[in-house]
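**Student:** The primary structure of each chain is shown beneath.
Number of protein chains: 2
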Amino acid sequence: MTRIGKLHTPFVVSLMFLLPACLGSQTPAKGLTAAEVMQRVIAATGATPPADTVDTLKAGDPSTVVTGIVTTFMDTYPVLEKTVANGKNLIITHEPTFYNHLDQQSQFATDPVYQQKLAYIREHRLVVYRFHDTWHMRQPDGILVGMVNQFGWKKYQNTANPDLFTIPSTTVGQIAASLQKSTGARAIRIVGDPAMTVTRIALMPGASGSDEQIKVLEKDDVQLLVAGESREWETVPYVVDAVAEGRIKALILLGHEVSEEAGMDECARWLRSVFPGMPIQFIPAGEPFHTVPHTSIQKE
Amino acid sequence: MTRIGKLHTPFVVSLMFLLPACLGSQTPAKGLTAAEVMQRVIAATGATPPADTVDTLKAGDPSTVVTGIVTTFMDTYPVLEKTVANGKNLIITHEPTFYNHLDQQSQFATDPVYQQKLAYIREHRLVVYRFHDTWHMRQPDGILVGMVNQFGWKKYQNTANPDLFTIPSTTVGQIAASLQKSTGARAIRIVGDPAMTVTRIALMPGASGSDEQIKVLEKDDVQLLVAGESREWETVPYVVDAVAEGRIKALILLGHEVSEEAGMDECARWLRSVFPGMPIQFIPAGEPFHTVPHTSIQKE
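For the record, the sequence lines run as chains A and B. Reading the first sequence from the start, the letters are residues -11 to 288 in the working numbering. Reading the second sequence from the start, the letters are residues -11 to 288 in the working numbering.
No lab work stands behind these hints: they were computed from the structure. Any given hint could turn out to be false.
Repeated chains share a single entry, so a pair holds when one copy, or any two copies, can fit it.
As the list claims (entries may be wrong) - Under the rule of at most 25 Å between Cα atoms (straight-line distance), these lysine to aspartate or glutamate pairs were calculated in the DMTMM-like manner:
#1 Lys169 with Asp181
#2 Lys142 with Glu233
#3 Lys46 with Glu222
#4 Lys46 with Asp129
Using the sequences and the accompanying hints, generate a full structural model.
**Tutor:** Dropping the structure here:
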């Protein structure tokens, strides 16, 4: 969700992770364990994980020999089932497995949904690693690369600050409609005036938090923030107030999944160059939301 | 957002707040200061505010003599303007004024949106108090009363546990459509299968947090949770997993404002009995979201 920019060389990272020489980038991917794959994945990002990184093993035996890799925004139960159906056993997930950022599980000890999910992972000898912090820290940010490609915004991207885009003068509603078309999303929400015309956009996939989101909206050169999600008593009323004060500000909330999923498709593409010959597949978690069918309303 | 049920008698609360005898419930409301009004409001709930309550002065001079009271879900800038236009000067808001739960303001010292909002409050000598914890603690919960009335769900309400409702067998999609009709909401979102039939519903307005939301969804007698908002990597995927595991579980997210606003209309009704003769008005903050117009998509 948050992005941190500090980089180390792959060499230093390799040392830090005590990577044996045999795991260098030229080594064939066959016979690698899940732990070895993940060490190599993180090394290939060139990033140094923060001390409190969430990019850790979430479930399964790290010594499992990898038969194939699945990347996804989130390893929901349907993603686990599709992984098994496709003969893969290592899942690289951007978001948590167990319903909170740190994947804390003690509170779910007697929860049947949690128990069944964990049992499924064990029964099918799956291994789940999270790949969040270091994929965002990769230069360029792997999630951002995937989203910009999906949106078709590469031509509008600011070279010095890749989060910023300058587009031809367009209404906020038209931009939202264009994003709905490129992502296939059902539940995009707009805060502000859909008829307001803008040219300068900031893109912050995920849930960066209101401190970061408001800081970006404070900038004179940002008229529209496109984000994943935001708490509704924080960034949302900030934009409501800004508009009422006569400012050219707007917010599009794509939904967390919609705002990051293509970044894990990008991850699968990238991994194919890191692990030549390894079966690698992107399985989208999919947008979790349905909207109220308009026909249902009209019927009443 | 959270609700705590412990009660004290109005007598004990009056002592605790050192309310002078002249502020008893039979005293005319004329000439009361904002601080006196809020002391009386909280005393009338019969609740003891928690030590860290957010039900405090947010802006303005508490010694201001009240000309009229406005209740609202959130005192956005448009609500401030309508308050002034309607000749009132005390705003009783359920949610924050300054974009975070504790209304911390130091981070906004140089923020133009914040500065203009604060200047408007000062220029028009408005006074803002938050009324969140103690309105939820009132028995029955004031927000819940207003929402149940708006939904027309009183007849389905469980006597022992007023958060629970048993309705005639209905699909989740039909319930969402019915809630869209009764609230006028634009951006209701469904997690799970809209075609799933349910009878047992839990209603938790606002943003109770995933711990509380998941605990309720764990109950065998809850098939559908209707809530305000939820972080999209917490309660949302929990429901996705529960459904994939074959369980009868669903989630409707109304939006925070939609899930609580009618509770502040109820607050205005209730305040008229606490302050006979005082001008009291409910001004809705309104749903902050627009959805993508379907016509825009079809045009492309």
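**Student:** Does each hint fit the structure? Answer for all of them.
**Tutor:** These are the hints, each one checked on the structure:
no., hint, in the structure
1, Lys169 with Asp181, "both (20 Å within a copy, 23 Å between copies)"
2, Lys142 with Glu233, "neither (32 Å within a copy, 40 Å between copies)"
3, Lys46 with Glu222, "between (31 Å within a copy, 16 Å between copies)"
4, Lys46 with Asp129, "within (23 Å within a copy, 40 Å between copies)"
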